[in-house]
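Colleague: Just so you know, the protein sequences line up as chains A and B, in that order. With our numbering, letter number 72 in the first sequence gets 72, and the count goes up by one each step, no holes. With our numbering, letter number 115 in the second sequence gets 115, and the count goes up by one each step, no holes.
Fair warning: there could be bad hints in the mix.
Simulated crosslink set (SDA-like; lysine to any residue; CA at most 20 Å straight-line) [stated by the list, open to error]: (1) A:Lys225 with A:His61; (2) A:Lys267 with B:Arg174; (3) A:Lys41 with B:Gln66; (4) A:Lys158 with B:Tyr72; (5) A:Lys114 with B:Gln183; (6) B:Lys271 with A:Leu249; (7) A:Lys100 with A:Glu59; (8) B:Lys153 with B:Arg172; (9) A:Lys267 with B:Arg348; (10) B:Lys102 with B:Lys153; (11) A:Lys270 with B:Tyr72; (12) A:Lys270 with B:Thr178; (13) A:Lys114 with B:Tyr334; (14) A:Lys242 with A:Glu59.
To be clear, the hints were calculated from the coordinates, so they are not data collected in a lab.
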Amino acid sequence: MRTRFCTATLLAAAAFGVAWGVMPVAGQTAAYRAPRTADGKPNVNGIWQALNEANWDIEGHSAGPGRVVALGAEDAVVPGLGIVEGGPLPYLPAALAKKKANFDKRLTLDPEIKCYLPGVPRAMYIPQPFQIVQSTKTIMMAFQYAGAVRTIYMDEHKEAPADSWMGWSNGHWEGETLVIDSTGFNDLSWFDRAGNFHSDTLHVVERITPADPDHLTWEATIEDKAVYSRPWKMSMTLYRRKEKGARLLEFRCVEFVEDLIYGHLRKVQK
Amino acid sequence: MKHRTLAALSQSGGVLVVAIAVTALAARVAGQAPSSAKPLPAAPAKAAPAAPAAKKWTLPRTPDGQPDLQGYWTNSTYVPLERPDKVTKATYTPEEFAAVIKEAASREAEQTEPGTVADVHYDFTQFGLDKSQSAFVKNDLRTSLIVDPPNGKMPPVTPEGQKRAADRAAERRRMGATTDAVQNMPIGTRCLIMAGSGPPMMNAGYNNNYEIVQGPGYVMILVEMIHDVRIIPIDNRAAALPENMRQWMGDSRGHWEGDTLVIETTNLNGKNPFRGSSENMRVTERIARVDADTLSYKFTITDPATWTAPWTAEAPMTKSVGPIFEHACHEGNYGVTNTLAGARLEDRKAAEGAAKKTSN
């Protein structure tokens, strides 16, 4: 009697464990529970980098010629499947015309060329690493590109006191996911090198979830009524930089673009 | 607020930006820093005695046990780096120091006369950018930030250091006027780096704000201008830079000595010399939480190519008010464009004027 009861209990417990993901079941993957920081939150500290071609064009795109003939294949557009979910970007008609104009004039208009701050979400997939330093009240994201910085306020959530390039980010935890709600953007950054853009009514909600010790799943919902007819989503993986001694270096590119921006105003041309 | 020309603003190694980036205006409320119950030490070597009536303060720790340095801080101060020539003692009396601050504050608040050459369009006082309008270190009565040498001045400069200074000056003259090209302008005006970053981290004219955030194995210091992030890896977890890799803020490595964060920085690129330093300057910083409202910040400069001996300064930080605003300096740098364009316009007018004279 006792043995049968114990066996039944064991079987029930096993089934229960399977349903909750303790053992993987065909067609289901167990939800990953990240190690915790000392204050009990999923640990997203580290040096991360996207490994895709979204910075060229967030939509799926083939390879193509570059902007500068002399740079040949080094400036050619690298193909990518894109990170936008569900079809072409839902531009409003006037906005689509502006996107096309942006693309045609990208050599002079792309803010990345002038070492301007990348904005959000472009900072997350520009092909240089960034570092997350995670504390209880604040999560900082420091980007190698142009030394850009995002402050994620985890404690007091306030409204953006002013518009900025990198926006104002309020964050909170939902289980394993870091949810970041960002507003307060100016209209000066782009989403990519292809001229996809936003206005100053941009609203970005990101969800960052550790997928395993070395990968984060990143999703973002973009809402901007002045540009798009409906909200839309993008998603990608962030990869941990694992080499021994991995660190950010300085990419202080302002110095490298001074002749580009101010060269025509020199007293004596070079 | 007196008119400040580019020349007046430039200090060797630390520069103020005349062009105020659109997004960088910090609406600082004129106010008082919360005052510490304990005065800072009058003689730097002694520990501060606890004020008798104050509740005993214990050093807070982060959840993973590091001393908690986190928060918003400012190193804004009226204490100069070097002791003024006329001053022989190490500390002012409270009355003397109050007079120093009062005099400096009233000079800051002076308004220029409209219609005169000295008149400014953007007055610091109106924008709340005067030093006296924000939190600044109030209880440091010393006559110099330098504590060693004891005379409060930097040690003598070596012959090599003097030659380097002369070479740099000659190069500046050879390059021409600051309005000939952007590369002739001070690095702060070019939005390349400002005094607050260093290292060592020094106060500049305004927005001397820092935010410290700590995660496991890293201390991160956000310098408001120019949104510089110093990421200090603890205990060699980051690869050391080889000799040939140089950076504006160098290569900083940290470790804890008791409750003091010690940061060693090498591999500077020499493009932002500190008081004439060489690219081989080594900066050793020591940061500790003294009480709820105070960080002690001490730095030692070791640069045998420039000074005959290492020298040390203490530049404490006091609690400031957040948030840190985005300082998109380069993105809003209309000042450089307008200054250069104006100079070229003057060149053309001068050329046209000369042409008229010769044809008459």
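Colleague: Regarding the pair Lys158 of chain A and Tyr72 of chain B, is the alpha-carbon distance no greater than 20 Å?
Modeller: Satisfied, since the Cα-Cα distance of roughly 17 Å is no more than 20 Å.
Colleague: Could you grab the alpha-carbon distance between Lys242 of chain A and Glu59 of chain A and see if it respects the 20 Å cut-off?
Modeller: Violated, because 28 Å separates the two Cα atoms, which is more than 20 Å.
Colleague: Could you grab the alpha-carbon distance between Lys271 of chain B and Leu249 of chain A and see if it respects the 20 Å cut-off?
Modeller: This hinted pair holds, its Cα atoms lying about 17 Å apart.
Colleague: Within 20 Å, alpha carbon to alpha carbon, are Lys114 of chain A and Tyr334 of chain B?
Modeller: With a Cα-Cα distance of about 14 Å, the restraint between Lys114 of chain A and Tyr334 of chain B holds, given a limit of 20 Å.
Colleague: Holds or violated: are the alpha carbons of Lys270 of chain A and Thr178 of chain B at most 20 Å from each other?
Modeller: holds, 16 Å
Colleague: Checking one constraint from the list: CA of Lys100 of chain A to CA of Glu59 of chain A, max 20 Å. Satisfied?
Modeller: holds, 14 Å
Colleague: Straight-line Cα separation of Lys153 of chain B and Arg172 of chain B no greater than 20 Å?
Modeller: violated, 26 Å
Colleague: Does Lys114 of chain A pair with Gln183 of chain B here, judged by a C-alpha cut-off of 20 Å?
Modeller: With a Cα-Cα distance of about 16 Å, the restraint between Lys114 of chain A and Gln183 of chain B holds, given a limit of 20 Å.
Colleague: Does Lys153 of chain B sit within 20 Å of Lys102 of chain B, going by the straight-line distance between their CA atoms?
Modeller: Between Lys102 of chain B and Lys153 of chain B the Cα gap is close to 24 Å, so the pair fails against 20 Å, i.e. violated.
Colleague: Does Lys270 of chain A pair with Tyr72 of chain B here, judged by a C-alpha cut-off of 20 Å?
Modeller: Violated. Lys270 of chain A to Tyr72 of chain B sits at ~45 Å, over the 20 Å cutoff.
Colleague: Starting from Lys267 of chain A, check that the Cα of Arg348 of chain B is at most 20 Å away, please.
Modeller: holds, 10 Å
Colleague: For Lys225 of chain A and His61 of chain A, compute the direct alpha-carbon distance and say whether it is at most 20 Å.
Modeller: violated, 25 Å
In summary, the structure is inconsistent with hints 1, 8, 10, 11 and 14 from the numbered list given earlier, while agreeing with the others.
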